[in-house]
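Undergrad: Each residue of the sequence shown is one higher than the one before, starting from 880 at the first, in my numbering.
It should be emphasised that the hints constitute simulated quantities derived from the structure, not laboratory data. There are no misleading hints in this set.
Cross-link-like lysine to aspartate or glutamate pairs, in silico, EDC-like; alpha carbons within 16 angstroms at most:
(1) K962 to D1017
(2) K911 to E945
(3) K1003 to D982
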Amino acid sequence: MSYSSLMHIAFHTDRMDEMVRFYTEVLGGKLKVVTRFGAYLERDDRPAMQAVARLRPDDVFNVYVELAPGQFIGFFPKKPGQKDHTGFNEHLGYSHFALCIPDIRTAIRELEKRGLSFDTSLSKGPSETWQIWAHDPDDNKFEIMQFTDSSWQVTGHGVTE
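Use the sequences and the hints to build the structure in full.
TA: Here it is in structure tokens:
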């Protein structure tokens, strides 16, 4: 089996409009999908979502913003009772995501013009890959990265067969 790409990552948010604006206007993604609960009105196989659809068919179920062809960030509205965000790397599980670009210096200039403030300075990590860190309105951390000819992600490193 082989994978063609990482299709999406998803976040719950209580700031849907702000998050969509950030990922489209600041990071330059394209709003591609807005699914409303009404899409589940005829879905007998999804009774919980169908029940919501009967009460609030126009409420947003999820949103997909395309950042690269066929690769998305998905957003779901905060559910009742969901806990607030915790600090970066406070819990096991999700930590951050990275966006790979061909020219990091140009990307930094363009993103700063769009209002993005970076959390770190540009640096080359131990893997020989350029990186700079930022966060979205919900404080989800992400990296902007550029491979080099000697990036471990390109050349491989530390793997024994």
